[in-house]
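Line by line, the protein sequences are chains A and B.
The number in the working numbering is simply the position in the first sequence, starting from 1, with 12 added.
The number in the working numbering is simply the position in the second sequence, starting from 1, with 147 added.
Hints are computed from structural coordinates only; laboratory data are not their basis.
Hints should not be assumed to be uniformly reliable.
[What the hints assert, rightly or not] Derived DSS-like pairs (lysine-lysine); straight-line CA-CA distance at most 25 Å:
| hint | chain 1 | residue 1 | chain 2 | residue 2 |
| --- | --- | --- | --- | --- |
| 1 | A | K32 | B | K391 |
| 2 | B | K185 | A | K488 |
| 3 | B | K430 | A | K14 |
Everything numeric in this text was worked out from a predicted model, so none of it was measured.
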Amino acid sequence: MKLPLFWMTDYVDPHLPPAKLAERLDLTGTEVDRVFTHGVTALEHFVVGRVLERTQHPDADRLSVCTVAFGDGDTAQIVCGAPNVDAGQTVGVARPGAVMPDGTKLKRAKLRGVESQGMILAEDEVSIGLDHDGIMVLDDALEPGTPLADVLPIATDVLELAITSNRPDCLSIYGMAREISAATGAPLAPPPWLEDLGTPGDVAGVRIEVEAPDLCPRFTARLFEDVKIGPSPAWLKARLMASGQRPINNVVDITNYVMLLTGQPLHAFDFDLVAGGRLVVRRAGQDERMTTLDDVERTLDPDVLLICDDDGPTSIAGIMGGQRSEVQPTTTRVLMEAANWDGPNLQRTSQRVNLRTEASSRFEKGLAPELSMWGQAVSTKLMIELCGARLVPGTIDVGGEGPPPKTIRLRDEKVTRLLGAEVPLGEQAELLERLDFDVVDAGDGLDVTVPAFRRNDVTREVDLIEEVARLWGLEKLPTTLPAHGASGRLTVEQKLRRRAADALVGAGFSEATGWSFQSPEIDRRLRVFEPAVKLRNPLSEDLSVMRTTLLGSLLASVRHNVARGMDDVRLFEEGTVYFDRPHSREPTAVERRSTPLPDEHMHLGALLTGRLRPASWGEPEPPTADFFAAKGVLTTLLGALRVPWSVVRGADAFLHPGRAARVLIGGQDAGWLGELHPAVAAEWDLGRVAGFELDLPTVLAHAVVTPYYEDVLSFPAIRQDLAFWLPAERTAAELVDVVRGAGGKLLRDVRVFDVYAREGQTSLAVRLEFRAGDRTLTDEEIAPQRTKIVEAVTAKLEGALRG
Amino acid sequence: MSTADRIAALRAEGEAAIAAAAATAELEEIRVRFLGRKAELPNLLRDVGKLPPSERGPVGKGANQARQALQAAVDSRLAELEALELEDKLAADIVDVTLPGTPVTPAGHLHILTATRREIEDVFVGLGYRVVEGPEIDLAYYNFDALNHDVHHPARAESDTFYVADDVVLRTQTSPMQVRTMEQQSPPLYIIVPGRVYRPDNDATHSPQFHQVEGLAVDEDLTLGDLQGTLLAFAQAIFGDDRKVRLRPHFFPFTEPSVELDVSCFNCKQGFLRDGSRCPLCKGTAWIEILGAGMVDPNLYGFVAESGYDPERHQGFAWGMGIERIAFLKHGVPDLRMFFENDLRLLEQFG
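From just these sequences and the hints, can you work out the full model?
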């Protein structure tokens, strides 16, 4: 909301420069987005002038050449295009050097060959009106040479405020004046609605029926006759302009002016166009159609409230009036409506019909019904003063004022306890009174009565404490730390997750953060068919389902880098995936009676492509990413977590069928390891890509968190190498399993260190490590184990010791 | 010449030769000449038995001493020569030290958001907080109802919240874990909740997914002053010990009083850079808004009364901050969307 300070000072003058006022407001709860000057700058070049002489321009029918005096013998020749300019007029002039509202700087110019030393001003040129039909003719009593800014609001300071949704009372000049008075201590003038020229009682010839009082707590109306539609006076137009409203005509301008001043939106009907002289407030029918002022046909439902006359709907209540009974240049009878609408319903309606107006944005925050009559009082005065109108006796008032005000006990002790600082009781009372709260001393505290315009926002003691605290000054709060005895720490799982990420970082992987949502197309491309969670209102189809694997976002990130010339990419991601199936956590009470929540899992995935290390003069062609490179990284990762694991052949459709594995941990399937299927990689414009993705809870459940000391230091191990010929279909894991099974307790480690294939056979060499915790072993002692191993490999795997 | 004289002469001759040897090979020849199997001195020793008994002692002793002295001289000269020869060899083995080193796989980097998140977590762990995490797809009950958003609150609109079902949303804040944790745990409670949240906006300063760290402390006598002190400790840990903070009143549905926290700008002096221009970070205000906070609204305790929360007895405070915003302020990444592109050239600058 825009707050023109020259208007505000009608009600409060804090005697502060705009920037200081803005700072004070910021620190008391009213956020100031910006402070700016509405209108022109370089004010010394804007002056009052008198037209001494006007002659016709020699070469242009529509231009006049004027001699303008500025006092003390100072004159200038100005070419003017306005039809109404004439000798003897007192006018506003911009002289060379003046900066206009759009930022352009005025210079001497030649117009059709005649020099012009400035510009005689129309109101739109200084942003105090929209009229460009002629120049402004000022009061002849003004002395030429007077600074124009002393006469007209051509450069006014405006604060642009971001009012929080709980304070619709601040969406008005008077409401902000009250707030500024409270924030600065400057005295506040009485509200402009104190004097009301209207009278109560029925209005002859006008009938109002409210069929939905739940959605329309109050409906007031007054009738004016002999209304003369015309332009508003300059002072009113200037205020609207500085507030960002376009002047239209006096009646419409009054409704806008009153809304800006009091916060109450008004609507003016041409009463002669209200069919039957009757307005009915009712819910729309199901699928009822109506064309609004903006020429859009809208389909409605019973949650939408309409104002109708005998010919049907004329407005959507609180949002937009209808064309049919709009005020016209010929209007003479005006029915002024000031109503109150249910905020939440109005907000829903405004969303449903996709129409948000200045009025609706105010009503949706919930206004006090009392405001309606305040608006009527101010508008009545202006209708009479500015439109020459005659008020028809009576005021229609359906619904009346809101519920009686509430009184809340504010305990002094509670204030101190919540803030951690004492605010003297007298000061609390004074601060609240400045905000129009009624305060009575209650011994250990205050009994505080809430004004109508704060009824929705201040309902509890704690709300009063907030009011006291913000005006008292949060800068006076002590800075203390809680004296609690709680100890902080990460959980084991959180520590392990950090360790996992750190291990991968150490292994040369950078961490990616991908998108949780993706296109349904991704799963098709990956040939993954897990049940995915779909968004009901996605931003786009590309972001419409929740991922079930990290692979899509990792591939997107790898492609992003490769496409930018980074050929060697190693990325990992620790992120959540989502499956559309019930989760396995213990449900909370509320979860038990709600739609089941999906199953979320933290996954850890990694992808690598390109060279494993940079090429160099010593190694022009380093090895590149493949299945075993990925497995090596996985080995590093799971080694860092101390997780025992193994792999079996896998068959994931997105993987190379010959280079695909599943990772087994503690007998559970923990994820995939492999090289991507070239066809899948090609979908992301990538070549050879390898990687893995693990379900982190499964992995972390098997991490050895607290290793126990094992004596591997006191006695040396004995190492022996054996090589076997095995049938080609046998795997290294099978060999290691058989060797371990036959090796006895002293065999502590078996490691495949050489592989050699020939027709139908593979030679696998293993290094055996025997160790005892209590003695140094000898070759003789382990010879029987060695024999058993050879026998077992021969018997179980049809292997043969290689000579 | 007596034998004794001969021994003395051999020793002198040997020592001179050893001292003069210029290479290990030459020294070996000298050793063989004086101490080898066929050399005179060992032969003298071998033949001692043939001497008259009165000579045996002195000759044997003298010959032995001479042999040992020569052997010691050889050893010491050998060490000298080997060292010299090694130096000569090394002096010929010159590489171009300006060639690049042999690359190892360079270490990777944590994502800037993870690095920032860890930094924040560590500050609060140090202040006695536990770190809890919760579901990203959650009930509207936890995301809105139990956080004092009435059924008409605008934040619930489909334009502001992603829906999965009528009562299931992508959480728009990490705050649902406030109530979830209070359901599980009685006071006192000191937790932070880092995690991913979602809102349907997409431009340079709004991303449909982003990350927050929520904080919640509930105890018997926590005050707004304690909140200020806690956040000051945080701001100083993250942005430097010279930072100051200030609270500005604000409005949030689930705190009362509500505040925003500003930290004094670390990029300028009083809003102006050294060249006199206005600081772009704080826009000349000397303060930067970093988070929203407040005292827990007593209504919230009503949702968890069964776990022992009593609005008359318990007081607490809560805050929520955007990790992206902290990372942006601290490291200057200009566009929120860059956080999720995972461009290595950006990732490698942080973490």
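Consistency of the hints with the structure:
Proposed proximity of K32/A and K391/B is supported: the alpha carbons are some 20 Å apart, at most 25 Å. For the given pair, K185/B sits about 105 Å from K488/A by alpha-carbon distance, which is inconsistent with the 25 Å threshold. For the hint linking K430/B to K14/A, the alpha-carbon distance of about 20 Å falls within 25 Å, and the restraint holds.
Hint compliance for this structure: hint 2 is the single one not met.
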